[in-house]
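**Q** For reference, the chains in residue letters:
Protein chains: 4
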Amino acid sequence: MIRFDTDYIEGCIPEILEALQRTNEEQTEGYGMDPHCDAARALIRKAIGREDADVHFLVGGTQTNITVIDSILKHYQGAICAESGHINVHETGALEATGHKCLTIPTKDGTITASQIEQLILDHYNGPSVEHTVQPGIVYISFPTESGTLYTKQQLTVIYAVCRKYDIPLFIDGARLGYGLMARTNDLSIQELANLCDVFYIGGTKIGALFGEAVVILNEKYKKDFRYNIKQRGGMLAKGRILGIQFEELFRNDRYFAISKHAIDLADKLAQAFKEKGYSFYFPAETNQLFPIMTNEQMAALSKDFIFSTWEKIDEDHTAVRFVISFMTKEEAVDELIAHL
Amino acid sequence: MIRFDTDYIEGCIPEILEALQRTNEEQTEGYGMDPHCDAARALIRKAIGREDADVHFLVGGTQTNITVIDSILKHYQGAICAESGHINVHETGALEATGHKCLTIPTKDGTITASQIEQLILDHYNGPSVEHTVQPGIVYISFPTESGTLYTKQQLTVIYAVCRKYDIPLFIDGARLGYGLMARTNDLSIQELANLCDVFYIGGTKIGALFGEAVVILNEKYKKDFRYNIKQRGGMLAKGRILGIQFEELFRNDRYFAISKHAIDLADKLAQAFKEKGYSFYFPAETNQLFPIMTNEQMAALSKDFIFSTWEKIDEDHTAVRFVISFMTKEEAVDELIAHL
Amino acid sequence: MIRFDTDYIEGCIPEILEALQRTNEEQTEGYGMDPHCDAARALIRKAIGREDADVHFLVGGTQTNITVIDSILKHYQGAICAESGHINVHETGALEATGHKCLTIPTKDGTITASQIEQLILDHYNGPSVEHTVQPGIVYISFPTESGTLYTKQQLTVIYAVCRKYDIPLFIDGARLGYGLMARTNDLSIQELANLCDVFYIGGTKIGALFGEAVVILNEKYKKDFRYNIKQRGGMLAKGRILGIQFEELFRNDRYFAISKHAIDLADKLAQAFKEKGYSFYFPAETNQLFPIMTNEQMAALSKDFIFSTWEKIDEDHTAVRFVISFMTKEEAVDELIAHL
Amino acid sequence: MIRFDTDYIEGCIPEILEALQRTNEEQTEGYGMDPHCDAARALIRKAIGREDADVHFLVGGTQTNITVIDSILKHYQGAICAESGHINVHETGALEATGHKCLTIPTKDGTITASQIEQLILDHYNGPSVEHTVQPGIVYISFPTESGTLYTKQQLTVIYAVCRKYDIPLFIDGARLGYGLMARTNDLSIQELANLCDVFYIGGTKIGALFGEAVVILNEKYKKDFRYNIKQRGGMLAKGRILGIQFEELFRNDRYFAISKHAIDLADKLAQAFKEKGYSFYFPAETNQLFPIMTNEQMAALSKDFIFSTWEKIDEDHTAVRFVISFMTKEEAVDELIAHL
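Order-wise, the sequence lines are chains A, B, C and D. Residue numbers for the first sequence follow our numbering, beginning at 60 and rising by one. Residue numbers for the second sequence follow our numbering, beginning at 60 and rising by one. Residue numbers for the third sequence follow our numbering, beginning at 60 and rising by one. Residue numbers for the fourth sequence follow our numbering, beginning at 60 and rising by one.
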């Protein structure tokens, strides 16, 4: 059985294991104040072209989302997000557990538009009893989205313009950031993205690391005391250098982008094969997550040799399924899958 | 200008003011442990035919909803409710501020069905990553709903059957309970309702009192330590007898039902008039809230003499508006409104 | 039996009942936006000599404390308070339930000092792992304290100077404010107090009203969006005018101060009697709460005719008890108590 | 410079790095459902002699504490703990951020007694206004304590008896569990400890692992739905096997105990040296944390070559400092330190 169900089924890039080995006996300060974290911060600042950015390393995605969002919101504010947004559907209400409502926007492909966001804000402030409803306090989008789709530079630019117009910060969940940036259909550089939001995070768990996410705070207003938030939400790793070492290796020599591209190339090859075999897609095939629609027979046949996820039942005979390619996926595995189509 | 915008624009029934006067110099225990609260509890237990019920008096609706729901839910559980449910749209995220997500169900008229509830529960437990989503922990419905509509005895019976099947309690928000029970279309008695849920509350603020809601806990499991919840959520009135006195007067001689019927009779008269004048309704006209659809001209004309609420813009020319009749509405006011239609 | 156990055992001043009667049929806007709330706000602003103050009416003390404090604190901040502070000991952890720790300071008589506050702040910032401990974010004191004692103008001045030095707001719990201001030992006017803090509240529940507390926000920084906080915490009364009417009557013709003085005069008379009979006091007798120390025999004898509270067991034979005089206490009741001493 | 400031300044045991290398290309289920987590669970169950135990792997200590405690407490309950308890002083109010108060007990050496616990419980239930104070809902102790001291079998037995008497669960924070179990003064086996509490955790971060803590739930009542809690609090690692692999290596061949003993042997050697040089200890020297009292000159001299922590200023001339030995501390480092004393 070969797994294609998600992009966190394997370990990490070999350079990280080597670095952990190499540094194992070093004695360093704890809680992210060590030289490896500092070096990783410097590499990330350079990669994004923003020397003024604050960079913090956290353990996982859910933790990162609630730590960032709750650090920004007042307790009567909520987070604008797509109905399919990770914070709304796959974090066991972690955001609500910090006291905040998800203010959801309908979406077909995982993206939301600037005008939807503006309308939600206007509806709130123009409503008859404004204080009786949750005030929009942040906009949360994922790049790529949970459906594997992307925002264009133009779309992100107008979203951020709306955010600035209403003085509401924009936070980009980059759990799969690299896969988005390396996508053929993408027209955004990481430097541009960093200038089109207030906070974003660079996902390590799904791209090259054993675990870890790098929060990048661009807006001065949200930098103060962020470490208190990390500690209170349980995200401050005692041996913080383990995170620093990983991001050091990921951003040394642009490895993060190279391994992302590896996944995207294989995903494109697989998407092409699906198309050639006549499969249609439930969501546009843009990044490392592919959502072909299959008949029950096709699903049953493939399930003998491959593990993938059921996404959405379309009708009695058809189901949208998900195949995910990761930084560690081998070309032979993809070829074998293609051979089975 | 005559106000029809809501049912909390006036004071209370005169008997309450007399009782406050009469009891003003009495010295009593605080926090709801006084003889008036006890007498009111006895009257309510008798009215609902459940001697075993626990009855607590709280100050307002939002407070009551979060106190009850948060006392029952575990922190990874959410409340199943209609998209239009008060807890979801008009309480400034008070429930989320106690840590719980609203698990919403689409609705056209404010009601949700047993099969929608069951489907939501099944979707949760059959999902691929059950612990990554919020567990349904309570069902919240309003009787009447926020749209002025009602559940029939049959509908409530099957909803409660689903709740028992999955061991999820049912909580009924009765902010306008009396108006629902006295509606012509209603086929539920308060005794039947009390046997078809685990907790409900009897709204005083909108029906006869200056303020106050009576929480009735039927299910033994949810009785323990409830007073801690009230205190922690800021709902334990020091001079608790003020609440007891009010419910004593409301439930003495079935006044609560009589004043509710007064409102319903006037609402029916008004609804009839709307229909005769050719207005259609946005929601079925069942209780004391009426939602006629008006043209811009009709709205403008009526706005000169009457205050009412805009509910939903239908199209360029039409808007659904809301007229609310209360226990204190005078027949002459309704007649004057009818004359203006 | 005559009750002296607390100051919320009776109703309200007669003028409030008359006003409720007089206004009962008025139709007004809800949620504190009515003319009575506006009039009460104007009277309070005038009384405190601060036309720029925001005034909001809430239902009870616990609710007021958490609404104010949580509106100001970030989620990693806590409230500096006396160990005996109401928020720390008598609110069922309501503040913690909003996410905030009480940072307590030892006290003998209920007061804390400027230097204790400064030391706590310095200890936090000079600690080895500052982000691992709760950041002090507000100072909470009660005037009078829970022990019935007072801060002098000099003490409050230096406390507020420390607060400004470290940019930490000062919030004064005035549940019994009137009794403090009218105390013989008091040297602070309400105008001076209003200039020596950022937010305070004027207690109505224990002084003249059926219920209700008036929050006064002096510092511009904490005014924005405060109504969202009130609503979310369940403190926004639908018939908000009931609060407005009460504070209108309390502050009309300085009644609030007159009725407070009535209580203080009787308390002084009682304190004098205790002293003459040889009783010593557990806390200095300054306001309407007296804490004489009694032998078991004395307690048993008085318990036949009077209700009062046990405060603290001193030794096998002695107990500190509490007698509380209220705005409604009759001179005859005090005389009868004195006769029994 | 040689660091002795804490026990999380280095990496992990070499076997873990080897295992990470060896398993890096394996494809496994995420979120702790993989074979390595299962194998680690089996090893732990065997080590503690409780086949019925539920074992969960979390990332860090603060996260573990709040996840366990908040999963057990109702929202009006608090955690009984020592004033010096980690949850009370070094977690940035993480527990309060989940809504719960720390109910603290004074301590000199980090331990609390059964009679102190019982008194606190009785004081709550015998108080005059029980619902106005936080209900004790769990007892939290650390083994070893934050002061490096231990509970004897007898002490733990009577503490647990009190817990069972009042039906309040006992949770043991075992961040440094191994160091406690291997201490010369310890008379508890891990099997006995597992039978004297409801939940405990086995610390990996400070003993052998890169990071990770193993929660062991013994009481059936607290097992249900625990994974929801983990996910909601951000503790569910996507590549959960990284935790499983670590605990597999730690508990294979009793390594956890062997490496703990290594630290304890060195700590004993160092403690002996301190004593011989005439140093007294601020807390009894029992485990891997030593708190000798030094003069300013001694501190200054040692600071040239060694890093250690300042704990508490004793007087103008003396300070209690902390030296910590870890599983990775080299005997030569200790010898060098001893040579400098």
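Bear in mind the hints are in silico, worked out from the structure with no lab data behind them. Quantities reported herein were computed from a predicted structural model and do not represent experimental measurements. Please note that a few of the clues may not be correct.
The list makes no distinction among identical chains, and a pair is therefore deemed to hold if it is satisfied within one copy or across any two copies.
The calculated BS3-like cross-link candidates involving lysine-lysine, where the alpha carbons are at most 25 Å apart (straight line), are [said to hold, decoys possible]: (1) K372 <-> K334; (2) K282 <-> K224; (3) K280 <-> K372; (4) K105 <-> K283; (5) K280 <-> K389; (6) K283 <-> K224; (7) K280 <-> K224; (8) K133 <-> K283; (9) K282 <-> K133; (10) K280 <-> K133; (11) K320 <-> K224.
**Q** Check K133 against K283 for me: Cα-Cα at most 25 Å, and say if that holds within a copy, between copies, both or neither.
**A** both (15 Å within a copy, 11 Å between copies)
**Q** Go through the copies and call it for K280 and K133: within, between, both or neither, with a Cα cutoff of 25 Å.
**A** both (14 Å within a copy, 14 Å between copies)
**Q** I want to check one pair: K282 and K224. Are their C-alpha atoms no more than 25 Å apart within a copy, between two copies, both, or neither?
**A** both (21 Å within a copy, 22 Å between copies)
**Q** Could you place K372 and K334 in one of the four classes (within, between, both, neither) given a Cα distance threshold of 25 Å?
**A** within (20 Å within a copy, 44 Å between copies)
**Q** Between K320 and K224, at a C-alpha cutoff of 25 Å, which is it: within one copy, between copies, both, or neither?
**A** Neither: 35 Å inside a chain and 50 Å across chains, both beyond 25 Å.
**Q** Within a copy, between copies, both or neither: where do K280 and K224 come within 25 Å Cα-Cα?
**A** both (16 Å within a copy, 22 Å between copies)
**Q** As a check of your reading, is K280 near K389 (CA-CA no more than 25 Å) within one copy, between copies, both or neither?
**A** Neither: 43 Å inside a copy, 45 Å across copies.
**Q** Within a copy, between copies, both or neither: which one fits K282 and K133 at a CA-CA cutoff of 25 Å?
**A** Answer is both: 16 Å inside a copy and 13 Å across each meet the 25 Å cutoff.
**Q** With identical chains treated as interchangeable, where does the CA-CA distance between K105 and K283 reach 25 Å or less: within a copy, between copies, both, or neither?
**A** Within one copy, since 22 Å is at most 25 Å while 39 Å is not.
**Q** Pop the pair K280 and K372 into one bin, within, between, both or neither, using alpha-carbon distances up to 25 Å.
**A** Result: close neither inside a copy nor across copies, 44 Å intra and 37 Å inter.
**Q** If the cutoff is 25 Å on CA atoms, where do K283 and K224 land: within, between, both or neither? Let me know, please.
**A** Intra 23 Å, inter 19 Å, cutoff 25 Å: intra and inter.
In summary, the numbered hints that this structure violates are 3, 5, 11.
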